[in-house]
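Protein chains in written order, with this note's numbering: chain B, 1 to 245; chain D, 1 to 245; chain C, 1 to 245; chain Z, 1 to 245.
Accuracy of the hints is not assured; some may be wrong.
As the list makes no split between identical chains, a pair holds if one copy fits it or if it spans any two.
[Claimed, not checked] Pairs of lysine-lysine, DSSO-like flavour, derived with a Cα cap of 30 Å: (1) K74 with K127; (2) K107 with K74; (3) K110 with K74; (4) K110 with K127.
Read the hints as simulated data drawn from the structure, not as lab findings.
Every value quoted in this text rests on a predicted model; they were computed, and no experiment measured them.
Protein chains: 4
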Amino acid sequence: MAINVTVWNEFRHEREDATIGAVYPEGIHAAIAAGLREAGDHFTLRTATLDEAEQGLPAAVLDDTDVLVWWGHKAHGEVSDELVDRLQRRILDGMGLVVLHSGHHSKIFKRMMGTTCNLKWREANDKERLWVVNPSHPIADGIGEYIELPAEEMYGEFFDIPQPDDLIFVSWFTGGEVFRSGCCYQRGRGKIFYFRPGHESYPTYFNPDVRRVIANGVRWAAPVNGPEPSFGIGGPNAPLEALPE
Amino acid sequence: MAINVTVWNEFRHEREDATIGAVYPEGIHAAIAAGLREAGDHFTLRTATLDEAEQGLPAAVLDDTDVLVWWGHKAHGEVSDELVDRLQRRILDGMGLVVLHSGHHSKIFKRMMGTTCNLKWREANDKERLWVVNPSHPIADGIGEYIELPAEEMYGEFFDIPQPDDLIFVSWFTGGEVFRSGCCYQRGRGKIFYFRPGHESYPTYFNPDVRRVIANGVRWAAPVNGPEPSFGIGGPNAPLEALPE
Amino acid sequence: MAINVTVWNEFRHEREDATIGAVYPEGIHAAIAAGLREAGDHFTLRTATLDEAEQGLPAAVLDDTDVLVWWGHKAHGEVSDELVDRLQRRILDGMGLVVLHSGHHSKIFKRMMGTTCNLKWREANDKERLWVVNPSHPIADGIGEYIELPAEEMYGEFFDIPQPDDLIFVSWFTGGEVFRSGCCYQRGRGKIFYFRPGHESYPTYFNPDVRRVIANGVRWAAPVNGPEPSFGIGGPNAPLEALPE
Amino acid sequence: MAINVTVWNEFRHEREDATIGAVYPEGIHAAIAAGLREAGDHFTLRTATLDEAEQGLPAAVLDDTDVLVWWGHKAHGEVSDELVDRLQRRILDGMGLVVLHSGHHSKIFKRMMGTTCNLKWREANDKERLWVVNPSHPIADGIGEYIELPAEEMYGEFFDIPQPDDLIFVSWFTGGEVFRSGCCYQRGRGKIFYFRPGHESYPTYFNPDVRRVIANGVRWAAPVNGPEPSFGIGGPNAPLEALPE
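Assemble the whole structure, with the sequences as input and the hints as a guide.
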């Protein structure tokens, strides 16, 4: 089944910093989209970036998006609150959201979690080893016992998030930290997957395992044709009894 | 151990509607506080209401509150966003929150959940039977297999909340609905308990079982002396490696 | 993708009781298999029954089964412990298990849960209404806000099971009970879905919604190509340090 | 409130191996009990060992035990199946169980989990750092952001357990592994806490933080006076309707 995927990227680091630009010459979004393209032609892909019109996500695009992939870092504050409101409504109505790396501090992720989403971090070329702790989950499809990334930014616990509905990966870092690095959430009719790796200075989104996990996450987060709940006054048998004045 | 409890109530229905005022002549907050007083002298009790100075919750009160009990309904929109911000910070720092009945639509509960918290409802004197689905949980202490309320407002699924960390009660209603009516959440260093019963027109907060559950919920939600996480750059071994320029 | 499904049925009621035989003339397994056949040709279907050789599940069949659907009731005790051992191993290695109705008391379900799986029951033609409490889940695909069954056996809480990883349905019954009637579990590399309806004296397995849920459950429980964990002495860097004698 | 705690230990390593005996001259059980004694006089303490009459746990002791702490390793197979049956019944009826370290492979833990409880291990003096991932939980009371153990046996994922209801600790090991090292489960009216540290060759049970966690775990797992469910035919309104013959 076809899944309409929009890969959203802040797209600032790559244009403002030559070192980063050398890692992702076409932008992080392009690398992520290329990974999804490889994963199969059931993805219909769009990319969107912060500096485009309507911050890349006009209503027509958002309404036509089944799963939104989100990478942001230094410009979280520039994303308009009105867009965040619309994103939240779309997620609760069924749109999947895949939040990557520093997207943990995006307005939309914090909105959906209700917590600060704070964590520890260190840029020190830690080795990261992401261990699978749920081998039955579709997001672990095709992955070995762990994914090893030779150099990454460290993210460490405590990670201020709600307890995940499903925890898929736990990361180990050279320096002595651990991190819940693959976290699944149900919210309304929608699903959210947070996946940790992908600091802008490392070629993480070219890693085949990372690409596979993102593709798995998109498939898992894709909407299902579940019920559209009705809310407010009612119930199948209402009115049941006339109330006294 | 002493627990400082603040029972917050909107306190409008009881003053504006004589029928409601007859049910709760001193206000819903007074009935809830009386129930907690009965439950033991380990509770140090305060009440607070919307129309008091600083909406009843100046910083000095909030900072001295271990568990906040919240009842609101018709004036959710009047609670200031600044107060909601402070409540969220206090909860994430350890303050317990017990949200009652129509508090499901309070700004603070929606903020903490990240969802609409919408539901179905009907005022028709339904009988409500709250079944215990986790008999091992401290919130079920002293409760029988179910609590029966002869007449209550119906709340029905789908209740748009995150999946609870622990589900304690599921309600049955005459008219054919069910509802997840006792829901536990961890958020940051704090804990949240949502408990359904308590429409303003019924004497629900005089019911001994309801009072017992609220007291149990307050004890469960009371802060523990868990770690105060540090966030931001760092980690026990930082800096690990000097990064190249 | 093709999924090899084996529908296992005790197949005693239908042969021993004319009333039941009239409801399911070819057996409950045949009705369930027919429902799966309708759902699409990605299912490769087998049926198996207790009185067949090796209780219907010789190793060759079990090893070739992606998802096993289980209906049993009056002859749970006759299922051999050796078969239960093999079922457990297969599930932990990835085979999905869909347990229906009175299968709650089967040896294999109790083995996987670690609890008694006891519940309340009543044969009284209750109406059952199964409310969807997770509209984002693939098992709710194509289902409305609730499924209504005009007459069913009642199952009531407390249902002595571990808290489900995902709770999909909660049932309401005429007589005043509720029940967690759609429960998902991860165990090892495998997944288990318990779905309540289907007393032998009612034509429940001809109901289109019930059939749809079973088909969804089978798809959800189908194995993924997740990692095959290694256990025992080892670890990627072992031996790390020679231990002193 | 008084809690009757029985600390059960296999007590073989300490007697059979002089090196281990030097670490725990009075046995691991004595060290654990001493830690609990320090934690407060609300614990009424007993110890029990495998080679005592009735494997240390005659019915009178078991029935009088609120929380059972379990350490076993090399003699899991000697624990009688009949004792395991009784332990399971007691847990489902409310007795708390705290399983330590190699108790992951005990018959009773595997029985309650329904999985193999397999894991990776290595004896190589790894440093272990147990990070708190739920700072709101009573088991984290009085603990810092992490507990550091200078030398321990490594346990690594995949740990074949059901997803915990609450995950409290995640361990980091020098050699590159992670482990879900503090796991909470509800089963029936009872609660189970698995806590990883404590290989017999290290003085782990003299560590103040480890002792504190065990004491917290015992308090958390202590029975509450929740409902005693009735099972079988019934329900509050039964019989609802006479069924046709």
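From the Cα coordinates, with 30 Å as the cut-off, is the pair K107 and K74 best called within, between, both, or neither? Classified as both: same-chain Cα gap 12 Å, cross-chain 29 Å, threshold 30 Å.
Identical-chain pair category, K110 with K74, by Cα at 30 Å: Both. Shortest intra-copy (15 Å) and inter-copy (27 Å) distances satisfy the 30 Å Cα cut-off.
Since the copies are identical, ignore which copy is meant and state whether K74 and K127 lie within 30 Å (CA to CA) inside a copy, between copies, both or neither. For K74 and K127, the Cα distance is within 30 Å only inside one copy (24 Å; across copies 36 Å).
Homo-oligomer pair classification [K127, K110; C-alpha up to 30 Å]: Classified as within: same-chain Cα gap 27 Å, cross-chain 34 Å, threshold 30 Å.
When each numbered hint is compared with the structure, no violation occurs for any of them.
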